[in-house]
Amino acid sequence: MKKAGVGRLIYLIGVFCVLLIPIHASATTTTTQEQEIILTKVSGRVEVQNIGEVKWKKAEVGMKLKSNQRIRTFEKSRAYLDLGEGSSMVMGLDSIMDILELKKQIEGQNGFASKVKLWIGKIRTEIKKLDKDSSFEVVTPTTIAGVRGTKWSNFVMDDDSSSVFVEDGNVWLENLSGNQKYMASKGQISNITPVGDISIPTFVTPEQQKEFEKQWQEEVEPAKKEEVKKA
Numbered sequence: 001m002k003k004a005g006v007g008r009l010i011y012l013i014g015v016f017c018v019l020l021i022p023i024h025a026s027a028t029t030t031t032t033q034e035q036e037i038i039l040t041k042v043s044g045r046v047e048v049q050n051i052g053e054v055k056w057k058k059a060e061v062g063m064k065l066k067s068n069q070r071i072r073t074f075e076k077s078r079a080y081l082d083l084g085e086g087s088s089m090v091m092g093l094d095s096i097m098d099i100l101e102l103k104k105q106i107e108g109q110n111g112f113a114s115k116v117k118l119w120i121g122k123i124r125t126e127i128k129k130l131d132k133d134s135s136f137e138v139v140t141p142t143t144i145a146g147v148r149g150t151k152w153s154n155f156v157m158d159d160d161s162s163s164v165f166v167e168d169g170n171v172w173l174e175n176l177s178g179n180q181k182y183m184a185s186k187g188q189i190s191n192i193t194p195v196g197d198i199s200i201p202t203f204v205t206p207e208q209q210k211e212f213e214k215q216w217q218e219e220v221e222p223a224k225k226e227e228v229k230k231a
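First residue of the sequence shown: 1, per UniProt numbering; consecutive thereafter.
Please note: incorrect hints may appear among the correct ones.
Stated by the list, open to error - Computed list of lysine to any residue pairs in SDA-like fashion (alpha-carbon distance at most 25 angstroms, straight line):
hint: 1; residue 1: Lys117; residue 2: Ser177
hint: 2; residue 1: Lys76; residue 2: Ala113
hint: 3; residue 1: Lys214; residue 2: Gly62
hint: 4; residue 1: Lys151; residue 2: Trp172
hint: 5; residue 1: Lys55; residue 2: Glu36
hint: 6; residue 1: Lys186; residue 2: Glu137
hint: 7; residue 1: Lys129; residue 2: Gly169
hint: 8; residue 1: Lys41; residue 2: Gly62
hint: 9; residue 1: Lys41; residue 2: Glu167
What the hints assert, rightly or not - Cβ pair distances, simulated, as ranges:
hint: 10; residue 1: Val54; residue 2: Ile200; range: 36 to 46 angstroms
hint: 11; residue 1: Glu60; residue 2: Thr202; range: 33 to 43 angstroms
hint: 12; residue 1: Lys76; residue 2: Val195; range: 26 to 36 angstroms
hint: 13; residue 1: Gly187; residue 2: Val54; range: 34 to 44 angstroms
hint: 14; residue 1: Glu213; residue 2: Gly178; range: 30 to 40 angstroms
hint: 15; residue 1: Pro206; residue 2: Val54; range: 40 to 50 angstroms
hint: 16; residue 1: Gly86; residue 2: Glu213; range: 15 to 25 angstroms
Just so you know, these hints were derived from the structure itself, not from any lab. For clarity, every value in this text was computed on a predicted model and none was experimentally measured. Glycine is no exception: its CB is placed at the ideal position from the N, C-alpha and C atoms.
Using the sequences and the accompanying hints, generate a full structural model.
Below, the structure is given as structure tokens:
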């Protein structure tokens with residue numbers, strides 16, 4: 001009787017382990033799904049590079065960009081990017097940007113996390129309203145700007161100083177040392193020094209607003225390709 005009882009116990013343990021294996025495999029294979037940025041229009045000269053490599057290649061309309069890629073624009077050039085979920089970005093002339101992170105959340109969650117780094121130049125970003133699990137961040141040499149849904153511009157100069165102008169919504173700012181944090185609202189601008197000191201966000205004057213608009217109305221070469229038509 002004792003041997004029969006022990007044998008039954010071993011059998012039940014074996015069945016339990018077999019049933020457990022698929023559950024464990026399912027849990028370990030649940031990974032994040034990579035999202036893509038689509039290049040929808042090119043004006044002038046724009047190039048793309050895999051981070052860590054030397055070779056650059058010409059950017060083409062319809063090209064899909066992923067994390068660990070770098071994109072740059074030259075004089076009188078712009079790149080128009082579809083970030084997905086109704087969000088978009090425009091890169092101004094003489095700009096360099098890395099795509100650091102572009103992925104949807106683990107399966108079963110609704111949000112996604114994205115992060116880019118602007119080394120120099122300017123970008124104008126419009127992010128549609130994100131849910132509580134989602135985030136979009138722009139990193140510069142000295143700061144991080146994050147949003148859930150807004151329209152704003154980042155400017156980075158040669159000396160690593162930078163500015164953030166908010167056209168709509170709210171943008172939170174934090175320097176890389178983590179000792180300064182501010183929230184900039186619609187119509188406000190904040191300037192950051194080369195060492196990462198962030199100015200308190202202030203509302204722009206009418207003259208500053210005109211200057212801002214002028215920067216995005218700079219003459220560029222005609223777009224060489226038409227915008228991608230979505231089905």
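>> For each hint given before, does the structure comply? Return the numbers of the non-compliant ones in rising order.
In response: 2, 3
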